[in-house]
Amino acid sequence: MVLLISAFNFGLIFAFLALGVYISFRIFHFPDITADGAFAFGGAATTAMLVSGWGPIVATGAGFLAGMLAGATTGILHTRFRIHGLLSGILVMTALYSVNLHVLGKSNVTLSEASTLNKSWTAIIKRAFGDVERVDILGWMVGIQDLASLLLMVLLMMVVGSTLFCFLKTKFGTAMRGSGDNPQMILAMGVSDKLLLTFGLALANGLTAISGSLLVQYQEFADVQMGIGMVVWGLASVIIGESLVGESRFGLLIAGAILGSVLFRMMIAIALRCGLNPNDLKIITAFFVFIALVAPQWSRKRKARLLVAKARVAGDA
Amino acid sequence: MLELSDIHKTFYAGTPNEVRSLRGVSLSMQQGSFVNVIGTNGSGKSTLLNAVAGTFLVDTGRIVLGSENITRQPEYRRARRIGRVFQNPFSGSAPTMTIAENLALASRRGLSRGLGWSLSRSLREEIADRIRTLKMGLENRLDNPIGSLSGGQRQAITLLMATWVKPDLLLLDEHTAALDPRSADQVIRLTHEIVTRDQLTTLMVTHSMQQAVHLGDRILMMHQGQIVADLSGPEKARTRAEDLLSRFDALRQRDQLTPAVRDLLELSYV
Ligand SMILES: Nc1ncnc2c1ncn2[C@@H]1O[C@H](COP(=O)(O)OP(=O)(O)OP(=O)(O)O)[C@@H](O)[C@H]1O
Ligand SMILES: [Mg+2]
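Taken in order, these protein sequences are the chains called A and B.
In this text, residue positions in the first sequence follow my numbering: the first is 1, and each later residue adds one.
In this text, residue positions in the second sequence follow my numbering: the first is 1001, and each later residue adds one.
Pulled out of the complex, with its shape left as it was, chain B reads as follows (with noise of 0.2 Å):
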């Protein structure tokens, strides 16, 4: 479903700050499977995910999604069949409009939108429906401000947006990481019901590794712009936490060489 080959990013390039985000990705995903992705901080798991939005073009690689290749699309024709969740539960959704506007243009994702009422009595009726399986209470409270809502009932939603019009990719950007414990096992198992309801593709950042074992079918570990782990099958089915977190000491010994050897080593090895 989501063919990426070689994927190279890398910020303010030739300045004193130039940044290597992404060193040659390449992944492969099916349809219908559900892809975690771990990593250090700083090691491109977002501008992985973003790369795949569109958010910037990359410098080199390809992304093919489906058929087609999206590589040069700018970030917002991609969207049309990419459905996405932001870690920062203020950026999914329009504060200042009410839950139901914000669901109502969520309903036209990849439609046209003409000059028709965004708001007919009967997508009302369905949004206060699929509201309701949030049972989070705010199908009575579909005329309120977005920006009223918690940050938790606020993911949930946007969760909902993005996945209203079943998209043909979704991406989850430790989309839980800033909410409360509770709130993010809520989110969590609702983005689990509708995976599974319409079977997503789906490509999951996350700090969590009991996320990350629990669920989905397949994990990558990320560090320094690179893919360095990729479990999947009985593998992922046996990896417990403390594995994941094991490999993570590894990699973090391996930092410990002082850049200069490690430049000198890769020199001569890599």
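Bound-form chain A, shown alone (with noise of 0.2 Å):
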């Protein structure tokens, strides 16, 4: 039951990220690389203003800029320079980096000691069930602490996520969504592509910062590095999401993202648990992705040789 707790709460904390993920790669088709860099980036941001002191729900709000000025960044390089898409988000992960560790002033800070919003909510849940540790949850124990973050992520998730949907049905998120579609129609409509790309990047990033966010608070430490993969993570929830909706309006794949990261999570946690080497989690996740990207491939091409091969049958009857 930890163990099932513990992976909701890290599939919950990613779902962000691979709505960060739908957006740039299902939205915009815009294959956007700058995903590591900013989740780095959210992380390292809202650690250095819970260390110095702001509250949590300011440090949050922070990371989540600093995902979007990385977005926009990635954007402009695009649309301004006209520097190839995977090139501007490399470059930008890049330079994040350095900008990350100057943030952090080191490659790693402990957040034991500052609050974080786990921390003031946990507090909350605590009053609510009457200062207890443990609370009993169908036969199981479970720490109070897991039971709050668990909660915590529910709700921010549902508002979040709800929040994007209600966005992407209004004037303007139409107009982005349309934008991925097809640019020559939505150029042809009066409204800048490229404004529109280097908003949608921006977005995207900031809700990858927000998974970074959550995660340096909820594990209590940040790490420069803890980047490092995040796109094909994201990528890998967004596919599962996308395969347990089918290929269908965005409200659903929105909650495929989300269903995605979490059941990706699941598996990753009961994998290792089955004794899979953590060193061994990238090099799986990446092969994971590959299988998922050509599998309809290969099926397409089947169906296709079988149709040709019905084809010549009718021909020859």
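Just so you know, the hints here were simulated from the structure itself, not pulled from any lab data.
Glycine residues also receive a C-beta, built at the ideal position from the N, C-alpha and C atoms.
You can take every hint at face value.
What the simulated footprint calls covered on chain B by chain A, stretch by stretch (three residues with Cβ under 8 Å from a Cβ of chain A suffice, anywhere in the stretch; the number is not a length): (1) 1068-1077; (2) 1097-1103; (3) 1109-1121.
Combine both chains into one complex, guided by the hints.
Here is the structure:
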């Protein structure tokens, strides 16, 4: 149960990243590598704020803004300076590594002394349950801290997820989706596709940075390396989500990305429990995404071959 | 309404691939006029429309729409006043978005896009009403993705999108060329309806001599980046498809001269 709850917690924390990746890769079809840097940037900014005594809400907000700044930079490099999309992201990600080191001051920082979202929230929940350390849930004794974190993540995710959903249904949000779908058309409708892309990347990386920000507060430490592999991680979640809900309306896809993230984390937790070497985590994630990317191609080819074969049979008859 | 003066556009200038796509095009269009552009392949018709729409900036020359000089304006700014339908039916709409969402996008062309709902109930009704006038039965499929429609249906919707907010200028670039004859007829009829109803100033490129003759009040013939004939008024009314074809033949014959001879002639006479 403890394993399950912590997997859920991590899954929901990384779900913000999944939403960010959904926006850049799926809505804008933009291969945005910035996410690796933005994730750590969000974490670093929040850490620095917390350490210097700011409140957790402000610090989390700062993480979000930091991510938006990173995404907007990538967008500007790509749209204004016409640098290839992938390269723009790589440039920003690389630069952010130094920035993050400066922001953190050293390569890892502990937050055990600072106040965090999780700590403040746990205090509130604890009071609500009458100052107990453990709560009985369906016969399982669950630490109040884990339970509080889970509640917090669920709540935050519901707020952010539904806000994103509503935003994509507004006039501006619809233009954003249209721009990803057919940039030529959105230009003909009198909107700058460059502006929309830049804003979209800012939003995507802002969400990604929230993941980093929540992670450092949950783990109570920040590491300058923590962003490595996040893009692939997010992609894996989005892809799992798509296979869960089918390729359909964006509302479902948003829910799918969140579920995908939780499910993916669950799978990882189980694999680790069964003796998977943690060092192999990234290669397995990468391999998983590879399979998920090529599997549809294979099945399409097989279908096409079957059709051809059928047509031939019909022709012979 | 639209004034082009001495527009030049050269692609890949200074390289062996240099193409002089527009070589001094001047044109003046009255408010509410409907001008057809015809010409051989590669004569610069699309380039002319793209120059007006702002797909690229012209090398020299001036483009004035209404009272505004738009020569250096970016494409998206011009699009607030210019409606466009492309040759490719896939170009004008967002395939994974629904019919209703696409039209909702179009209903804000040139207007602000804030954080209000993009599809209000009243807008939905208006969309259904306007779609009904297409008589394609699409009013029952408002929530289907546009990608599921046929080329002709998509082109009809793109036309609706381009004209939902009445544009100061409508640009049509062979918008029926990719369609089967029946759909092409349907879209042309719709074009005629909308353009006459809203008295839109229209610049239409077409490959069909029939369309050029029957529609509009003026024909421009382009060749090698220049306007080589400009027929309007009674002259346009008298023109038949065969006349246009024989003009093309004449142009083609002139091109039979080897490029070297032509350059020499141009040098001495032009
Ligand atoms: N964006 C571009 N980049 C490079 N060359 C271009 C570009 N647009 C047009 N051209 C060139 O300019 C010339 C005129 O092309 P344009 O598309 O205007 O011809 P067109 O009259 O529309 O022909 P068609 O009837 O085949 O559509 C061609 O040689 C074409 O290759
Ligand atoms: Mg053309």
